[in-house]
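For reference, the chains in residue letters:
2 protein chains.
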Amino acid sequence: MSLIVTGSIGIDTVQAPTGNADEVLGGSAIYFAAAASFFCPVRLVAVVGEDCPDSFMETFKQFNVDLEGLEKRAGSKTFRWVGKYHENMNQRDTLEVQLNVLAEAAPPVPESYKDSKYVFLANTDPVNQMNLLKQFPTNELAVADTMDLWIETQKDELLALLKEVDGLVLNDSEAQLLTGKSNIVEAAEEIIDLGPRFVVIKKGEHGALLQHIDGRAALPAYPAKKVVDPTGAGDSFAGGMMGYITATDDHSFAGIKKAIAYGTMVASYNIEDFSLNRMSTLKREEIDHRLDVFRQMLQF
Amino acid sequence: MSLIVTGSIGIDTVQAPTGNADEVLGGSAIYFAAAASFFCPVRLVAVVGEDCPDSFMETFKQFNVDLEGLEKRAGSKTFRWVGKYHENMNQRDTLEVQLNVLAEAAPPVPESYKDSKYVFLANTDPVNQMNLLKQFPTNELAVADTMDLWIETQKDELLALLKEVDGLVLNDSEAQLLTGKSNIVEAAEEIIDLGPRFVVIKKGEHGALLQHIDGRAALPAYPAKKVVDPTGAGDSFAGGMMGYITATDDHSFAGIKKAIAYGTMVASYNIEDFSLNRMSTLKREEIDHRLDVFRQMLQF
Chain F
75 MSLIVTGSIG IDTVQAPTGN ADEVLGGSAI YFAAAASFFC PVRLVAVVGE DCPDSFMETF
135 KQFNVDLEGL EKRAGSKTFR WVGKYHENMN QRDTLEVQLN VLAEAAPPVP ESYKDSKYVF
195 LANTDPVNQM NLLKQFPTNE LAVADTMDLW IETQKDELLA LLKEVDGLVL NDSEAQLLTG
255 KSNIVEAAEE IIDLGPRFVV IKKGEHGALL QHIDGRAALP AYPAKKVVDP TGAGDSFAGG
315 MMGYITATDD HSFAGIKKAI AYGTMVASYN IEDFSLNRMS TLKREEIDHR LDVFRQMLQF
Chain X
75 MSLIVTGSIG IDTVQAPTGN ADEVLGGSAI YFAAAASFFC PVRLVAVVGE DCPDSFMETF
135 KQFNVDLEGL EKRAGSKTFR WVGKYHENMN QRDTLEVQLN VLAEAAPPVP ESYKDSKYVF
195 LANTDPVNQM NLLKQFPTNE LAVADTMDLW IETQKDELLA LLKEVDGLVL NDSEAQLLTG
255 KSNIVEAAEE IIDLGPRFVV IKKGEHGALL QHIDGRAALP AYPAKKVVDP TGAGDSFAGG
315 MMGYITATDD HSFAGIKKAI AYGTMVASYN IEDFSLNRMS TLKREEIDHR LDVFRQMLQF
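Protein chains in written order, with this note's numbering: chain F, 75 to 374; chain X, 75 to 374.
Some clues are possibly wrong.
Since the list gives no way to pick one copy over another, a pair counts as held whenever it fits inside one copy or between any two copies.
What the hints assert, rightly or not - In silico BS3-like pairs for lysine-lysine, Cα to Cα no more than 25 Å straight-line:
no.	residue 1	residue 2
1	K299	K255
2	K299	K151
3	K299	K332
4	K299	K357
5	K255	K357
6	K255	K300
Derived by calculation from the structure, the hints in this document are not laboratory data.
Based on the provided sequences and hints, a complete structural model is requested.
As structure tokens, this is what we get:
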């Protein structure tokens, strides 16, 4: 089975109580694709500028990711993000954003990708997500991410998208904003009424809630002592989840629940270092080992 | 096995988006004892004033709680609390507190209670908790609750208490305040270094973390759609947990983990109505049924 992800690649600068990382590889698509590649081959559609260092591509070639859909655009600059984490690593400020090439035309989808069965529309505006979705007419499962900005500025377009996708991934405050429900179980049920067959509400260090047409589940996060850089936690979570769904071709309630457990494990490793540093050395056996620990933790 | 709880009984007034409750039975010891009584007989040491309505005692007699240690003090007034929940039910303001009889001498512990094996010291100042603890010299397991006020004003006394108890129950912000660690796994480990064999960090709607000398576990809360009044959630959680530990006489890591799952279930019912209304009609079979649902939710 084939998994495709569309999203951003960025040059990130991160300041944290645990240290700093200057101009490192980042972006939602990068974290997602690296995480998913532990489970299945990943196709990537994304665009960078001509300033994107070759070393980034070398790093990325370590992962099982097809880069045919990665455009390096002459005359353009790569997306840049500067963020600072507080002493409490759950809070961060965005100090600077340069959209650069992300504000230009979307990268083309290679013809060879158009038969993709599993599609993840990483966070971007819902019109763009809808346009991308239409290029995978034979998809079996399409899942979108979104954020507060689009809920506030393009809600109608987002609601139209929700009628077309099978799943939605978003965080708890976004789910509350989208539905006006402060109870996230109620918010999750309301999102199902808007179209998707399932929604995964991410709660960061508090885990995730799955509402599926066939059931509901809540899983905690892995209780991580080593948190160096939370950047990409949500994207690597979604990547691990979609990678496992694709590998197993199982998007039943039970299948997605297990996929969420895998996503939780990959995210728990990702936050142990800056950028892709931890995922670059991570082995599938380590993921499976931690999953066993997690499973035992939840048995009583 | 015998479980004893010492703590407050109050006349509560609760304002919530879901409705209001005026002058209803409340207090940490009440919620704890009612919750624990689904699993084992409970001994209660607490004091009320002469204004405490007889109807409160009638309500309480429905539960398997020994009231020999409940003093009704002539000339004194019962503790009163007025609280208001925000639209987001996880936030509340305390509008009024009248300590009344709680500011007077502690109620005496009946001689017949002094052989209690399981002891829960509900939230009060640590000097008072230490004095109470000394009255159960043959206890097998003593667990204390605490709060930010004592961490800030009587930290030395609290640290002395932590060397004498087997377990501590507190919420995440309190654990962070006590240890200065923002990562709650680190905070939990540091609390173990302060003396207790285990600590349970409560995260409200996000579940609980158990750090035990023999292991660590995180469990989510039960994803509750019906939340009418969160008052007493933490106390009923602790009551269910201690009740199950007492009934099974098992305070191993695995035993406490299962006890936390039971505490989670009782708390999830308690918040479905004001005061003890839901626990008054709750059956043990309902608790066990929801535990089965919860267990399946956590299997993948």
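Checking against the hints above, which ones are violated? 2 and 5
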